[in-house]
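Trainee: Given only the sequences and the hints, what does the whole structure look like? Please build it.
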Amino acid sequence: MQHHSFRNNGSLENYNKNLLRSLKHHISRYETYQCNAKKISNEKAIEFGFVIDNTSIMPDLIKRDGKLLIITPFMMPDFVKQIKLNKWIKHIFYIFTNMSKRQILYVYVGKNNFKYYEDDCNHVQLNDEYVQLKAESLSVNLIIPRKKGN
Amino acid sequence: MKNAAKKFMRQLSEYELITIDEKSNNRINKILSSNFKVEFGFDSPDIPLIYDAKMIALEEFEFDSSKTKKNQVNKKKKLLSLTEK
Numbered sequence: 001m002q003h004h005s006f007r008n009n010g011s012l013e014n015y016n017k018n019l020l021r022s023l024k025h026h027i028s029r030y031e032t033y034q035c036n037a038k039k040i041s042n043e044k045a046i047e048f049g050f051v052i053d054n055t056s057i058m059p060d061l062i063k064r065d066g067k068l069l070i071i072t073p074f075m076m077p078d079f080v081k082q083i084k085l086n087k088w089i090k091h092i093f094y095i096f097t098n099m100s101k102r103q104i105l106y107v108y109v110g111k112n113n114f115k116y117y118e119d120d121c122n123h124v125q126l127n128d129e130y131v132q133l134k135a136e137s138l139s140v141n142l143i144i145p146r147k148k149g150n
Numbered sequence: 001m002k003n004a005a006k007k008f009m010r011q012l013s014e015y016e017l018i019t020i021d022e023k024s025n026n027r028i029n030k031i032l033s034s035n036f037k038v039e040f041g042f043d044s045p046d047i048p049l050i051y052d053a054k055m056i057a058l059e060e061f062e063f064d065s066s067k068t069k070k071n072q073v074n075k076k077k078k079l080l081s082l083t084e085k
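Note that the protein sequences, when read in sequence, are chains S and H. Letter 140 of the first sequence, counting from 1, is numbered 140 in this note's numbering, and no numbers are missing. Letter 85 of the second sequence, counting from 1, is numbered 85 in this note's numbering, and no numbers are missing.
The hints are simulated quantities; they were obtained by calculation from the structure and are not laboratory data. Nothing here was measured: the structure is a model prediction, and the numbers come from that model. Every residue gets a Cβ at the ideal spot worked out from N, C-alpha and C, and that includes glycine. It is possible that part of the hints are untrue.
Calculated from the model, a selection of chain H residues having no Cβ within reach of chain S, i.e. all distances over 10 Å [stated by the list, open to error]:
id: 1; residue: 6
id: 2; residue: 33
id: 3; residue: 34
Pairs of lysine to any residue residues, derived as SDA-like cross-links and limited to a Cα-Cα distance of at most 20 Å, are as follows [stated by the list, open to error]:
id: 4; chain 1: S; residue 1: 24; chain 2: S; residue 2: 118
id: 5; chain 1: H; residue 1: 67; chain 2: S; residue 2: 21
id: 6; chain 1: S; residue 1: 84; chain 2: H; residue 2: 22
id: 7; chain 1: S; residue 1: 111; chain 2: H; residue 2: 29
Mentor: Dropping the structure here:
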């Protein structure tokens with residue numbers, strides 16, 4: 001029997017850092033995207049958005065008042081700030097795992113509805129505790145002897 | 001259809017889609033009910049999403065909160081689009 005533990009360095013800091021690094025990289029390429037969009041469409045009204053795929057093995061959770069909450073980018077003040085600063089980002093699809101299944105959170109960045117995401121009480125708090133989950137796998141090799149004569 | 005577009009369309013159909021606010025809910029319902037299809041590449045090259053004569057260009061990226069190495073993100077620089085027929 002083989003046992004394998006996956007290294008997991010999950011933390012709120014890593015979540016925020018990795019998310020922002022990707023986001024900022026793509027934000028810096030906005031002009032290229034805009035240029036390419038014009039090449040493939042004559043439409044004047046082009047709206048941009050991001051599909052964010054959280055590929056972490058385990059779900060990202062925090063513990064607040066004894067309850068478990070799934071972390072989303074919209075709980076990170078820096079992310080919300082970047083989205084607000086870059087008004088050209090209109091659509092966000094966040095793909096994540098909630099332990100039992102994969103889900104997609106869709107957010108349209110509109111004038112009125114985005115206030116909800118800007119509200120501090122919907123962000124991560126100082127007392128929130130990142131839940132460290134450890135992924136482990138077990139595997140078994142069976143040797144099946146061949147029958148004589150085969 | 002490009003692989004990224006196929007993947008995104010499969011994710012849209014297989015995964016549970018959730019929204020928190022009403023405006024997002026209305027917007028995504030409008031997109032999904034607009035008989036859209038994923039069409040072509042964009043950045044290098046991928047896809048834009050058109051409905052109601054509007055194009056939505058979607059860039060795809062992934063991140064992993066459990067990793068600390070610098071180069072573990074930005075594996076995908078894909079632009080997705082869905083085009084209304």
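Trainee: Tell me the numbers of any earlier hints that the structure contravenes, in ascending order.
Mentor: When the structure is compared with the hints, none of them turns out to be violated.
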